[in-house]
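> Sequence:
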Amino acid sequence: MSYKNLAVQKKIAVVFSAIGVVMVTFAFFLLQELNKVESEVINFTDSTVPSVLSVEAMYFEMSVLRRSQYASLTYKEYDSGLEALFKRQNTTLANIKNMLASYDATVAGSEERRVFDEVLASWKAYSHLFRDFPQLIKDRELDKAHAILVNSLDDFNGVGDAMDGLVDINLGFVSNNRTSIMSSVDSVTLATKVSFSALIAFMIFITFFLARQICRPLNLVVEQSKAIAAGDLTFELRRSEIGNDELGALADTNIEMQHQLRILIEDTISAVTQLSAAVEEMSAISEQSSRGMQQQQSDITMVAAAMEEMKATVAEVANNTETASTSALEASEEAKQGNQDVQSNIEQIQIVSRDIEQAGELVEELERESNNISV
Numbered sequence: 001m002s003y004k005n006l007a008v009q010k011k012i013a014v015v016f017s018a019i020g021v022v023m024v025t026f027a028f029f030l031l032q033e034l035n036k037v038e039s040e041v042i043n044f045t046d047s048t049v050p051s052v053l054s055v056e057a058m059y060f061e062m063s064v065l066r067r068s069q070y071a072s073l074t075y076k077e078y079d080s081g082l083e084a085l086f087k088r089q090n091t092t093l094a095n096i097k098n099m100l101a102s103y104d105a106t107v108a109g110s111e112e113r114r115v116f117d118e119v120l121a122s123w124k125a126y127s128h129l130f131r132d133f134p135q136l137i138k139d140r141e142l143d144k145a146h147a148i149l150v151n152s153l154d155d156f157n158g159v160g161d162a163m164d165g166l167v168d169i170n171l172g173f174v175s176n177n178r179t180s181i182m183s184s185v186d187s188v189t190l191a192t193k194v195s196f197s198a199l200i201a202f203m204i205f206i207t208f209f210l211a212r213q214i215c216r217p218l219n220l221v222v223e224q225s226k227a228i229a230a231g232d233l234t235f236e237l238r239r240s241e242i243g244n245d246e247l248g249a250l251a252d253t254n255i256e257m258q259h260q261l262r263i264l265i266e267d268t269i270s271a272v273t274q275l276s277a278a279v280e281e282m283s284a285i286s287e288q289s290s291r292g293m294q295q296q297q298s299d300i301t302m303v304a305a306a307m308e309e310m311k312a313t314v315a316e317v318a319n320n321t322e323t324a325s326t327s328a329l330e331a332s333e334e335a336k337q338g339n340q341d342v343q344s345n346i347e348q349i350q351i352v353s354r355d356i357e358q359a360g361e362l363v364e365e366l367e368r369e370s371n372n373i374s375v
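Each residue of the sequence shown is one higher than the one before, counting from 1 in full-length UniProt numbering.
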């Protein structure tokens, strides 16, 4: 499984694990360098410094012995003080012998061995000159004892020169240890600087890497969400740039939401189109109904006018009816009177008719008589 497809918490865990590994590696390296420094310091404190101090102590003891040997010549007689001085000389000789043996056990390099062998040889030669010195002092042969001291000066200076060479060797060790310690310290310092710089660079890289692995997919999803919020449902999310983690699941959810919203809006547009057609149809029907209602209103107005006119006519008819009723009553009376007059007229007419018939007959008779006369 690639890093891109890991869960976010695993991505963070991997990043911090990598930082932890780097820090552990740095700590291990730093610990090794510190161990080197510790080893150099221990070598310096437990070997080099004691070696230098041992050389200084040996030369100091040799100088003490030399002064003690000169001091033994100042005693006028062999007494308890001189006896005590000899005991101290013997103790000093034993100390020098032990110091030489101890130092011999710590000699490591060939050059140091060569110089130390010179010290041993010089010291043995010097010690050999004083093998009879205590007895000469006891025997009070001070001149011979003094001659030994005088003649041993070059040998003692030879011991001093050999010791100076040994001191130089140890000072070289000190210088080498110092150089080694400073080199180790510089190495640790450089390693620390480089490691911290590398760690900072690595953490910066990890920060940008983690930001790219988390923030970039999140920004892509946010960009898609903004496009959806702005009404752009044609936005195409670059799904290949997002892993199969929680952000990938969020991206898939957004894509599915965008798809469902597109379907919903398409269905809504279809429904709105159908509704628009229905509204247009309803508008036409409404307009037709409006025209019908206007016509009906006009007819109603006409009917109302006709009804008003009829009402007036009815009122007039009512008045006329009332007048006619009165007239009818009067006419009825007059009709009765007229009937009587008619009967009387009929009788008169019948009389006139008979008179006319008689007149006619008379005319006809006159005509005949006229004709007859003409003939």
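Some hints here could point you the wrong way.
Calculated cross-link-like contacts (lysine-lysine; reagent style DSSO-like; alpha-carbon spacing at most 27 Å) [what the hints assert, rightly or not]:
no.: 1; residue 1: 138; residue 2: 87
no.: 2; residue 1: 36; residue 2: 76
no.: 3; residue 1: 87; residue 2: 36
no.: 4; residue 1: 97; residue 2: 144
no.: 5; residue 1: 124; residue 2: 138
no.: 6; residue 1: 138; residue 2: 193
no.: 7; residue 1: 144; residue 2: 124
no.: 8; residue 1: 97; residue 2: 87
no.: 9; residue 1: 76; residue 2: 87
no.: 10; residue 1: 36; residue 2: 10
no.: 11; residue 1: 36; residue 2: 97
no.: 12; residue 1: 76; residue 2: 10
no.: 13; residue 1: 36; residue 2: 193
To be clear, the hints were calculated from the coordinates, so they are not data collected in a lab. A quick note: this is a predicted structure, and the numbers were derived from the prediction, not measured.
> Hint by hint, note whether the structure agrees.
Cross-check of the supplied hints:
With a C-alpha separation of about 13 Å, the suggested pairing of residue 138 with residue 87 holds against the 27 Å cut-off. Distance restraint check for residue 36 and residue 76: the Cα-Cα separation of roughly 61 Å exceeds the 27 Å cut-off, and the hinted pair is therefore not satisfied. Between residue 87 and residue 36 the alpha-carbon distance is near 47 Å, which puts this suggested pair outside the 27 Å criterion. At most 27 Å may separate the alpha-carbon atoms for a hinted pair to count; residue 97 and residue 144 meet this at roughly 26 Å.
About 23 Å separates the Cα atoms of residue 124 and residue 138, which keeps this hinted pair within 27 Å; it holds. Between the alpha carbons of residue 138 and residue 193 the distance comes to roughly 72 Å, so the proposed pair goes past 27 Å and is violated. Distance check on the hinted pair: residue 144 and residue 124 sit about 20 Å apart at the alpha-carbon level, within 27 Å; holds. Between residue 97 and residue 87 the CA atoms are separated by roughly 15 Å; this keeps the pair inside 27 Å, and the hint holds.
For the hint linking residue 76 to residue 87, the alpha-carbon distance of about 18 Å falls within 27 Å, and the restraint holds. Note on residue 36 and residue 10: the hinted pairing is violated, with a Cα-Cα distance of about 38 Å set against a maximum of 27 Å. With a CA separation close to 35 Å, the supplied pair residue 36 and residue 97 exceeds the 27 Å bound. Restraint check: the Cα-Cα separation between residue 76 and residue 10 comes to about 97 Å, which exceeds 27 Å; the hinted pair is violated.
For the given pair, residue 36 sits about 18 Å from residue 193 by alpha-carbon distance, which is consistent with the 27 Å threshold.
Hints 2, 3, 6, 10, 11, 12 from the earlier list are contradicted by this structure; the remaining hints agree with it.
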